[in-house]
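Visitor: Numbering-wise, the sequence shown is residues -23 to -1, 1 to 243 according to mature numbering (1 follows the signal peptide of the UniProt record, and there is no 0).
To be clear, the hints were calculated from the coordinates, so they are not data collected in a lab. Just so you know, even glycine gets a beta-carbon here, dropped at the ideal spot from N, CA and C. Any given hint might turn out to be false.
[Unchecked claim] Distance condition first, Cα-Cα at most 25 Å in a straight line; then the derived SDA-like pairs of lysine to any residue:
| # | residue 1 | residue 2 |
| --- | --- | --- |
| 1 | Lys143 | Gln171 |
| 2 | Lys116 | Tyr66 |
| 3 | Lys51 | Gly15 |
| 4 | Lys90 | Lys116 |
[Stated by the list, open to error] For each label pair, taking beta carbons as the anchor points, the in silico distance ranges come out as:
| # | residue 1 | residue 2 | range |
| --- | --- | --- | --- |
| 5 | Asp233 | Asp36 | 38 to 44 Å |
| 6 | Glu239 | Glu25 | 39 to 45 Å |
| 7 | Lys137 | Asp227 | 15 to 21 Å |
| 8 | Asp207 | His162 | 45 to 51 Å |
| 9 | Asp176 | Val155 | 19 to 25 Å |
| 10 | Tyr166 | Ser26 | 38 to 44 Å |
| 11 | Asp227 | Glu9 | 16 to 22 Å |
| 12 | Arg189 | Gly15 | 34 to 40 Å |
| 13 | Asp200 | Gly15 | 19 to 25 Å |
| 14 | Asp55 | Lys116 | 19 to 25 Å |
| 15 | Pro63 | Tyr122 | 52 to 58 Å |
| 16 | Gly54 | Arg87 | 16 to 22 Å |
| 17 | Tyr122 | Glu239 | 52 to 58 Å |
| 18 | Asp242 | Ala169 | 32 to 38 Å |
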Amino acid sequence: MLRNVVVGWALVCVLMVSCRQGAKSPDATPAEDKEAKGLLQGIWVDEESESVAFKVEGDSVFYPDDTSMPTSFKIVGDTLIMGNPPSRYPIQKQTANSFWFTNQAGDVIRLAKSTDPNAALAFVHEKLKVISLTEVLKKDTVVMYGGERYHCYIAINPTKYKVIRKTYNDDGVEVDNVYYDQIIHVSVYHGAEQLYSRDFKKSMFAHLVPERFLSQAVLSNIDYSSVGSDGFHFDATLCIPDAASCYLLDAVISFDGEMRMEVIDY
C-alpha cells in the first residue's frame, strides 16, 4: 500500500515538472510573424497622395530620401518594430495590398502597395548621402593686447566621422539621418612663438555636455571672441544638425598655453 502511494506521488511530480517545462515562460520573446513580413515586401505609397513612403526588401526598410539610412524591421503580433533602439508602431490593418499603422504622433498612416513600375526610381541612389555642414574653412585674426601682437588661427576640417541624428519623416516614422562631424584646429602665436596648438573634437566636451545630446551633435564652429588678462576667448558651438539645439562654450587659452572650458549657453 505504502509503495503504491509513493509511486503515485512520484508520477504526479513528473507530470507537474513536464507541464512547467512545456509552459511558456512569461519572459519569453514573442515570435516574429514571418507571414506578415512577407506581405510587407515591396514599395508602399500613401493612399491619398500616392507619394512613395518606403520600400521593404528582406529585413530592411528603405526610404526615398537619400539622407535617411535603411533600417531593420520585424512584425511581432500587431506591432511593426523598426530600428535599434526599437520604435514600435501599432498595426491597424494589413493585407497583401494595404498597410495601415499608427505613427508616434498618433496619426493613422494608410499605405497601399504600389503597382507603378516607375515607383522604383525613387530608390535609385548611388549611395547614402552623408551631409557635411561646411567646406574646409580657415580664419585668421590679428589681436593686439598690452602693446603686443598675437595671431589666432582657426581651421575647420570636415571629417568622415559619421554622426547619426534621429528625426521623423513626413509619415511620422523615426529615421536616422547621417552627418559628418568636424575637427577644428586652433593655434595662437605671439610673433613666431607658438603659444598653443590643438585639434578640437567633440569628445573633448564630454564632461560639459550630456551624452544624449553629444551623441547626435557635431562640433559646428569655433570663433575667436575676445582677449583679456586671463587669455584668449573662443566661442565653441556644438549643435544637433538641422535643429535649434546647441551648446555654446567658452574655451579660454591662457598666455601660458593652458586651456579651460565652460558652458555659456544652451
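Visitor: Tell me if the beta carbons of Asp55 and Lys116 are separated by a distance inside 19 to 25 Å.
Guide: Given about 56 Å between the Cβ atoms, the range is violated.
Visitor: Does the Cβ distance between Arg189 and Gly15 fall inside 34 to 40 Å?
Guide: 37 Å, holds
Visitor: Indicate whether the distance between the beta carbons of Asp233 and Asp36 respects the range 38 to 44 Å.
Guide: Between Asp233 and Asp36, where Cβ atoms are some 57 Å apart, the hint is violated.
Visitor: Could you say whether the range 32 to 38 Å given as a hint is met by the Cβ separation of Asp242 and Ala169?
Guide: 36 Å, holds
Visitor: Between the alpha carbons of Lys51 and Gly15, is the straight-line distance 25 Å or under?
Guide: Satisfied, since the Cα-Cα distance of roughly 10 Å is no more than 25 Å.
Visitor: Decide if the proposed pair is consistent with the structure: Lys90 and Lys116, CA atoms, cutoff 25 Å inclusive.
Guide: 53 Å, violated
Visitor: Taking 52 to 58 Å as the stated bounds, is the beta-carbon spacing between Pro63 and Tyr122 within them?
Guide: Holds: the Cβ-Cβ distance is about 55 Å, inside 52 to 58 Å.
Visitor: What's the verdict on Lys143 and Gln171, does the C-alpha distance respect the 25 Å limit or exceed it?
Guide: Given pair Lys143, Gln171 is violated - Cα atoms ~41 Å apart, limit 25 Å.
Visitor: How does the Cβ-Cβ distance of Gly54 and Arg87 compare with 16 to 22 Å: does it lie in that range?
Guide: 20 Å, holds
Visitor: Indicate whether the distance between the beta carbons of Tyr166 and Ser26 respects the range 38 to 44 Å.
Guide: 59 Å, violated
Visitor: Mind checking the hinted window 16 to 22 Å against the Cβ distance between Asp227 and Glu9?
Guide: This hint is violated: roughly 51 Å between Cβ atoms.
Visitor: Between Asp176 and Val155, does the C-beta distance stay in 19 to 25 Å?
Guide: For Val155 against Asp176, whose Cβ atoms are near 22 Å apart, the range 19 to 25 Å holds.
Comparing the model with each earlier hint shows violations of hints 1, 2, 4, 5, 6, 7, 8, 10, 11, 13, 14, 17; every other hint is respected.
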